[in-house]
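**Q** Listed here are the chains, written in short residue letters.
2 protein chains.
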Amino acid sequence: MPASERLTAVYELPGPPEEAERLARLISFEETVEVPLDFPLPNAIRDGIVGKPGPAVAARDGRFRVAIDFPAALAEGGLGTLLNLVFGNASIWPGVRLVDLRLTEDLLSRFKGPNHGVDGLRRMLGAKGRPLLATALKPMGTSDADLAATAAAFFRGGGDIAKDDQNIVDGSFVHFRTRVSRIAEATARESARLGRPCLYLPHLSGPQEELEARLDFVLKEGLRGVLICPAIVGLDQTRRLAESRSAVIMAHPSFSGAFYADRSHGIEPSLYLGTMTRLLGADVTVFPNAGGRFALTPDECRAIAARCAEPLGRLAPAWPSPGGGMSLDRAPELARDFGPDALWLVGGRLLMSPGGPEAGARAFRDAIARAFPEG
Amino acid sequence: MPASERLTAVYELPGPPEEAERLARLISFEETVEVPLDFPLPNAIRDGIVGKPGPAVAARDGRFRVAIDFPAALAEGGLGTLLNLVFGNASIWPGVRLVDLRLTEDLLSRFKGPNHGVDGLRRMLGAKGRPLLATALKPMGTSDADLAATAAAFFRGGGDIAKDDQNIVDGSFVHFRTRVSRIAEATARESARLGRPCLYLPHLSGPQEELEARLDFVLKEGLRGVLICPAIVGLDQTRRLAESRSAVIMAHPSFSGAFYADRSHGIEPSLYLGTMTRLLGADVTVFPNAGGRFALTPDECRAIAARCAEPLGRLAPAWPSPGGGMSLDRAPELARDFGPDALWLVGGRLLMSPGGPEAGARAFRDAIARAFPEG
Chain B
1 MPASERLTAV YELPGPPEEA ERLARLISFE ETVEVPLDFP LPNAIRDGIV
51 GKPGPAVAAR DGRFRVAIDF PAALAEGGLG TLLNLVFGNA SIWPGVRLVD
101 LRLTEDLLSR FKGPNHGVDG LRRMLGAKGR PLLATALKPM GTSDADLAAT
151 AAAFFRGGGD IAKDDQNIVD GSFVHFRTRV SRIAEATARE SARLGRPCLY
201 LPHLSGPQEE LEARLDFVLK EGLRGVLICP AIVGLDQTRR LAESRSAVIM
251 AHPSFSGAFY ADRSHGIEPS LYLGTMTRLL GADVTVFPNA GGRFALTPDE
301 CRAIAARCAE PLGRLAPAWP SPGGGMSLDR APELARDFGP DALWLVGGRL
351 LMSPGGPEAG ARAFRDAIAR AFPEG
Chain X
1 MPASERLTAV YELPGPPEEA ERLARLISFE ETVEVPLDFP LPNAIRDGIV
51 GKPGPAVAAR DGRFRVAIDF PAALAEGGLG TLLNLVFGNA SIWPGVRLVD
101 LRLTEDLLSR FKGPNHGVDG LRRMLGAKGR PLLATALKPM GTSDADLAAT
151 AAAFFRGGGD IAKDDQNIVD GSFVHFRTRV SRIAEATARE SARLGRPCLY
201 LPHLSGPQEE LEARLDFVLK EGLRGVLICP AIVGLDQTRR LAESRSAVIM
251 AHPSFSGAFY ADRSHGIEPS LYLGTMTRLL GADVTVFPNA GGRFALTPDE
301 CRAIAARCAE PLGRLAPAWP SPGGGMSLDR APELARDFGP DALWLVGGRL
351 LMSPGGPEAG ARAFRDAIAR AFPEG
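If you read the protein sequences in the order shown, they are chains B and X.
The numbers in the working numbering rise by one with no breaks, and the one at position 234 of the first sequence is 234.
The numbers in the working numbering rise by one with no breaks, and the one at position 258 of the second sequence is 258.
Hints may be right or wrong, so weigh each one.
For identical chains, the list gives no copy identity; a pair is met inside one copy or between any two copies.
Within a straight-line C-alpha distance of at most 25 Å, the following computed DMTMM-like cross-link-like pairs (lysine to aspartate or glutamate) qualify [as the list claims (entries may be wrong)]: (1) Lys220 to Glu209; (2) Lys52 to Glu209; (3) Lys112 to Glu209; (4) Lys128 to Glu358; (5) Lys112 to Asp146; (6) Lys112 to Glu210; (7) Lys112 to Glu243.
These are calculated hints, taken from the structure and not from any lab test.
Just need the whole structure built from these sequences, with the hints factored in.
**A** Okay, structure coming up:
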């Protein structure tokens, strides 16, 4: 990689502007040479390794943005190395928030990204011009048979994707196999009866030693992919699993909230749940929608969707999937905010529909049809 | 596992107390069944699965602590499953901070914990009754020969452990091998000359696909362990690597700061950098010491050390390793705050000593000898 190639990380920092610029200079040292500013650095290292901060630019809440250019070669070790470079020790500084990341084409070309993405999942499901409808199989403690029945009813009502709730976990591989087989059978039966593809995505969790074998079991069952929590399984481990099989990867934000629940440090949610999650190969990225019980604002949610769709090397666009406290009366708002390329994830309220999951799915599909009559 | 076994997670929440208790009730649903409170749950699930919150107890800053008991069986899937249970979606709620975690003996017995711990590392290094002295090989961009020379000089001055700076990364396995061999040779030579064991811990980083092979290479070179960043490599992946070999694991907090840099959400630093890091098998846990350039307070740092030493099933105690902005004049304070069972990590200021790393190491060892004359 030519030494002149640079990647850019943008930080939001506390003001005033001179203070933001001072802090950016410290970060540019911290994330590379990690020595005091008065360390006698050779010129080759000072010029060729240390990050180069630009000027402070006013941002929201009296804070300031500073872009730091780093040599792109420092991120050649992959996703983990990149995260270490742009938000390693910087994650421990008070008031530092990573808000943007611009990689070189060469670095981007090293990521496979979503295996299927927006177009691939549309083809797989035969769904055109409309949002997809997903639900979460739950609650934890429900029998395998009842989870399978819920999935089947949801598909009958027009649902596209039934995923395990991220709280559905299997302590043992034996139970994982039994449970997944049961729901996979019900899914295959319903799919055959309805004459259309229905997707069931089991939750890939458990000890690190078993993840590959569990994923292989899922694919051998004829299923197409999994739900996975990258912050728990590991970001680069998720990337590895996504890259090594052509599974559909639906990423769930469990355990990642500490990165973005507070506005004065961490990582911008659209960067974490949009760009970074797409980089690691998620076809679908679930995020806690505004207006539910979680912390994100409508602007932050729309930004996640924008990051899923924007050009990013040759990586396929991913599906933004708003979830959490979703209800039928919010359908027009969802349609307006996210357009057709969104995967609506409706859990509890759909399962609680007076007519059960089938009626619940139908009501949501009707709402989608009203908002997207061409779909 | 008997259904009656419970684990306890303690949260700090915003007040007033009724509000904290309401939020705790929501969390106890969110982290298990994840359905609205009015969902028609079967009694077996309501009583046997949903977490049981206790009363709100006043804590600092007008916040309140609530302990939630969960069935221990829900964490049978290992470390990832445990994190998902106690801080999965809860990580996305504003104002929620996980401050304590009390596991059952049965759950604790499933973790191997530190391979060597305090006693093992003392035996390995022949160091009794005194803190250990470590440095970081850097800056990034330095030639392999110069890094090796720095390590050798540090050992000659009395240093115990030279670790790679966490910013020292190798994009390719080939360069990792070349660099590590070079420094390992210098370490072995110096160790033979001095007639005492010296430890060099290379930074285990890079693509997930190569981590095991890189670790095996390190051990084959006769080295005893590695530096690793669990938040980047993955917490459960670090546990797997630690468990599968008897390497010394020195954990570095890179990329983990978002969990504890803000006091109103995330995870208590002593829980994350102490208990959790010990659970995943770290023999040494590096933390950003108070008074340096990072965010932690003296109380928080002492709490990390306390968590490293407190009883935790049969897990060995780990070494707390204060680092970041360490200087010689702080030696008495370090001795007082952390006692003999601490690993002092001194980077830039030691390397910058007027007499070089050898004189720097000697000055710190002298300070240690003054504070621990019996050591």
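**Q** So which of those numbered hints doesn't the model satisfy?
**A** Structure breaks hints 2 and 5.
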